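Chemist: All chains should be modelled from the sequences, with the hints used to inform the complete structure.
Single-letter residue listing:
Number of protein chains: 2
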Amino acid sequence: MVETIILRYGHRLVRDDRVTTHCCLVARAFGASKIIIEGAPDKEIAGSVGAVNLKWGTGITVEFTQNWKNALKELKKDGFLVVHLTMYGEEVNRKIDDLRKKEKIAVVIGSQKVPCEIYAQSDYNISIGNQPHSEIAALAVFLDRLFDGKQFDRKFPGGTIEIIPNPKGKAFKEQN
Amino acid sequence: MVETIILRYGHRLVRDDRVTTHCCLVARAFGASKIIIEGAPDKEIAGSVGAVNLKWGTGITVEFTQNWKNALKELKKDGFLVVHLTMYGEEVNRKIDDLRKKEKIAVVIGSQKVPCEIYAQSDYNISIGNQPHSEIAALAVFLDRLFDGKQFDRKFPGGTIEIIPNPKGKAFKEQN
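So the sequences go chain by chain: V and S.
Counting from 0, one number per residue, gives the positions in the first sequence under numbering that gives the first Met the number 0.
Counting from 0, one number per residue, gives the positions in the second sequence under numbering that gives the first Met the number 0.
Honestly, the hints are just simulated from the structure, not real lab data.
Nothing here was measured: the structure is a model prediction, and the numbers come from that model.
You can trust all of the hints, since none of them are fake.
Note: identical chains are not told apart, hence a pair may lie in one copy or across any two.
Once the Cα atoms are required to be at most 30 Å apart in a straight line, the calculated DSS-like pairs of lysine-lysine come out as:
| no. | residue 1 | residue 2 |
| --- | --- | --- |
| 1 | K54 | K33 |
| 2 | K169 | K76 |
| 3 | K75 | K42 |
| 4 | K154 | K169 |
Modeler: Structure below.
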């Protein structure tokens, strides 16, 4: 499995809370190990993700940084290939087979307009579609493709609830 | 190509504007023809999607309904198979090949907690992952799977801007 860390550029306190929380939960559900959020530490988000980890099992860790350049530099130093998701990039269909062979990938997703420097510093600029859509969607489709639908096989240890897939309603196992 | 309409359950004015807009843009970019939003008509959303259609080419149409039951009934009468996306459902990996053979699919996505009746009335309840994530993500992955990555081949006629995929920056054709 490719080790995957997400870098969320340009999170704005309050305004982006909900969308960034969706990004965190997608990153967690689809198998990233960490999300680094550029912006002031945000208790709302840390709390929401913490609560999900507690109930549904340990997944992603959340960090904040005030300096995306340093964060990116550190990731590169640690051997992460940098993949920036942008509708202006190359088609995911053409590149995903190469990316699956990598060991460590840092996925950069924007919120506000992303500076040119991120395009330049990324090893790959990859599009999930060439029409405006959503960074949440881009991240989900990218991870689904990268891990080839293996989100169902992942273990999230220590949770108190686990879903039993069901064609007609809700079913789960719950521990107290 | 499967004809696809999205039904967004439980949209709340203002509170859900941004997430619902992401849903609309995902539906548009990944090839759905229409999104029906349950809730009071919301000018913000209609305006945002209208502006994207104008600039990037004609894609999805947006409708509002105050009555999801009627909307679902109409869709069924028009021959749409109803697929509800929920983390409690059956694995998409096991069902997607069957669904690709259908002619018309109505995809139901929630916002607020979805009533049991939607589970019961849907032909399929499908999970994109069995962990909490995001309806935006679920919709994107489902449509990406349904259309097998064909979002890059779709035409959006009449726009003034078109992206030229680029590995290191932004490139596009623009008409004035």
